[in-house]
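J.: Mapping the sequence shown onto my numbering, position 65 (from 1) lands on 211, and the numbers just tick up by one.
Just so you know, the hints here were simulated from the structure itself, not pulled from any lab data.
One or more of the hints may lead you astray.
Restraint-style ranges between C-beta atoms, simulated for each label pair [as the list claims (entries may be wrong)]:
#1 R415 x K357: 18 to 26 Å
#2 T236 x Q563: 44 to 52 Å
#3 G247 x E411: 21 to 29 Å
#4 A239 x T193: 23 to 31 Å
#5 K357 x S278: 44 to 52 Å
#6 T236 x N383: 45 to 53 Å
#7 G247 x P412: 40 to 48 Å
#8 E200 x I557: 17 to 25 Å
#9 E411 x T517: 36 to 44 Å
#10 Q563 x G247: 43 to 51 Å
A quick note: this is a predicted structure, and the numbers were derived from the prediction, not measured.
Glycine residues also receive a C-beta, built at the ideal position from the N, C-alpha and C atoms.
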Amino acid sequence: MMKSYFFLSAWLTTLRAFLIGVLCVCGRAEAQIDHSSPMAAAKISNTCQGVGLECANAATPFFALDGKLLLAWTANGVVSVGQSSDLGKTWIATVKIVEHGKSLDTGSDARPQIVADKQDNIFLAYAFFKDSHWNAQINTARSTDGGKSFTVPVSLVQDSSSQRFPSVLIRPDDSIFISWIDKRLVVSAKQGGSKRLGGSIAYSFSSDSGKTFKAEQFANESSCECCRIGSGLDPQNQPVIVYRAIFPGGIRDQASQVIATKGAEPIRRVADDDWKTDACPHHGPSIAVSGSGKLHVAWYTQGNKRSGVFYANSSNQGLSYSAPVRIGAEGANVSRPYLLALGQQVWLVWKEFDGTHALVYMKQSTDDGKTWSTPQMISKTNGYSDHPLLINQGDTVFLSWLTRVDGYQLIQLGQKQ
Numbered sequence: 147m148m149k150s151y152f153f154l155s156a157w158l159t160t161l162r163a164f165l166i167g168v169l170c171v172c173g174r175a176e177a178q179i180d181h182s183s184p185m186a187a188a189k190i191s192n193t194c195q196g197v198g199l200e201c202a203n204a205a206t207p208f209f210a211l212d213g214k215l216l217l218a219w220t221a222n223g224v225v226s227v228g229q230s231s232d233l234g235k236t237w238i239a240t241v242k243i244v245e246h247g248k249s250l251d252t253g254s255d256a257r258p259q260i261v262a263d264k265q266d267n268i269f270l271a272y273a274f275f276k277d278s279h280w281n282a283q284i285n286t287a288r289s290t291d292g293g294k295s296f297t298v299p300v301s302l303v304q305d306s307s308s309q310r311f312p313s314v315l316i317r318p319d320d321s322i323f324i325s326w327i328d329k330r331l332v333v334s335a336k337q338g339g340s341k342r343l344g345g346s347i348a349y350s351f352s353s354d355s356g357k358t359f360k361a362e363q364f365a366n367e368s369s370c371e372c373c374r375i376g377s378g379l380d381p382q383n384q385p386v387i388v389y390r391a392i393f394p395g396g397i398r399d400q401a402s403q404v405i406a407t408k409g410a411e412p413i414r415r416v417a418d419d420d421w422k423t424d425a426c427p428h429h430g431p432s433i434a435v436s437g438s439g440k441l442h443v444a445w446y447t448q449g450n451k452r453s454g455v456f457y458a459n460s461s462n463q464g465l466s467y468s469a470p471v472r473i474g475a476e477g478a479n480v481s482r483p484y485l486l487a488l489g490q491q492v493w494l495v496w497k498e499f500d501g502t503h504a505l506v507y508m509k510q511s512t513d514d515g516k517t518w519s520t521p522q523m524i525s526k527t528n529g530y531s532d533h534p535l536l537i538n539q540g541d542t543v544f545l546s547w548l549t550r551v552d553g554y555q556l557i558q559l560g561q562k563q
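Let's have the full structure, built from the sequences with the hints guiding it.
T.: Dropping the structure here:
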């Protein structure tokens with residue numbers, strides 16, 4: 147009986163990402179239940195009550211300079227970090243960072259963020275809900291001893307509104323870039339007697355391993371409030387972000403921006419999907435920047451002009467994008483695309499659900515996105531699974547995929563040629 151319930155719960159979790167009618171209506175607390183509430187988290191973990199990786203709902207990897215694999219995960223309200231020196235086969239120095247219980251943000255697009263610099267300082271970011279109205283706080287924690295211990299988590303910003311979905315990059319000079327969805331402008335508008343949809347895209351930099359951050363700035367004052375931000379570095383080591391923006395008329399389509407030294411550059415629309423909705427799919431985009439500076443973007447939409455998961459690229463920093471190309475077969479249950487680029491090579495993975503199993507597919511391009519290989523199935527599982535992620539260790543590319551039944555998987559996909 148329990149096994150059947152677990153399967154049904156996992157199937158419903160996957161299906162919800164495609165049924166906009168049961169997704170949250172942004173700004174309405176009661177509609178957040180499908181993806182962000184303690185009830186949703188309880189369904190995921192109902193057969194696994196521990197706080198170890200075997201019970202995790204989300205896991206984010208990072209390769210340190212010395213080759214060890216760092217993994218941050220959330221399980222039953224606890225944030226933990228583990229290390230592996232054998233590509234995830236065994237784990238050492240696992241540290242329990244903090245316990246938030248049911249208030250930890252475990253929505254389907256929420257995950258802890260982890261990076262490490264050349265001095266083996268480790269930076270961690272995650273979010274938790276401060277109240278029953280889905281107002282969240284982003285906390286950060288640091289390790290200065292290679293992950294043996296961490297500081298007590300502290301709030302990223304002093305603003306008392308809601309901040310959610312941190313996205314973290316570390317640059318070659320060891321400075322940290324973090325972006326997130328911020329609700330302070332929505333709160334300010336409400337206090338002034340007016341209504342403002344969604345949230346805003348905010349960002350900041352740190353030059354001391356995350357101990358302090360510069361004053362936060364806005365890249366876009368109008369964005370969807372509950373979809374993760376995709377981020378990458380261009381050849382000049384400038385952050386480039388992609389996210390679901392709110393355009394005039396309540397259209398929620400993808401946008402990209404370069405965050406230059408002088409500040410955020412103009413907002414560039416990735417595609418005119420014409421998705422007019424007050425719904426929030428908890429299904430953010432992914433971006434990778436190749437050695438030529440080409441932006442590669444993959445995203446999900448239910449627009450009037452196209453519906454499904456798509457890919458496009460830009461050779462002019464987002465000023466214009468190629469025509470969107472569907473990912474996966476039309477009619478297939480496709481979700482969670484993720485991109486990685488090394489030189490002129492680009493890898494793309496995504497998840498499909500065939501009614502019984504979650505399957506991860508991959509295709510790659512060796513000519514900067516001009517042509518692509520035939521998709522191939524890399525791994526599959528039944529029951530609950532996290533998003534498929536891509537990570538590289540030098541010139542070697544891996545799939546990182548957390549599954550409940552088959553455990554954590556780190557699968558080598560190929561190497562830069």
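J.: Taking the beta carbons of G247 and P412, is their distance inside 40 to 48 Å?
T.: holds, 42 Å
J.: Can you tell me whether the CB distance of K357 to S278 sits inside 44 to 52 Å?
T.: violated, 32 Å
J.: Does the Cβ-Cβ separation between E411 and T517 fall within 36 to 44 Å?
T.: violated, 29 Å
J.: A range of 44 to 52 Å was offered for this pair. Does it hold for the Cβ distance of T236 and Q563?
T.: violated, 31 Å
J.: Given a hinted range of 45 to 53 Å, is it respected by the beta-carbon distance of T236 and N383?
T.: violated, 34 Å
J.: Is the distance from the Cβ of Q563 to the Cβ of G247 consistent with 43 to 51 Å?
T.: Holds, since Q563 and G247 (Cβ atoms, about 47 Å apart) stay within the stated range.
J.: Indicate whether the distance between the beta carbons of G247 and E411 respects the range 21 to 29 Å.
T.: Since G247 and E411 have Cβ atoms about 41 Å apart, the given range 21 to 29 Å is violated.
J.: Verify the CB-CB distance for R415 and K357 against the hinted window 18 to 26 Å.
T.: Violated - the Cβ-Cβ distance for R415 and K357, about 37 Å, lies outside 18 to 26 Å.
J.: Using the Cβ atoms, figure out if E200 sits within 17 to 25 Å of I557.
T.: holds, 18 Å
J.: Taking the Cβ atom of A239 and the Cβ atom of T193, is their distance within the range 23 to 31 Å?
T.: holds, 28 Å
Comparing the model with each numbered hint stated earlier shows that hints 1, 2, 3, 5, 6 and 9 do not hold.
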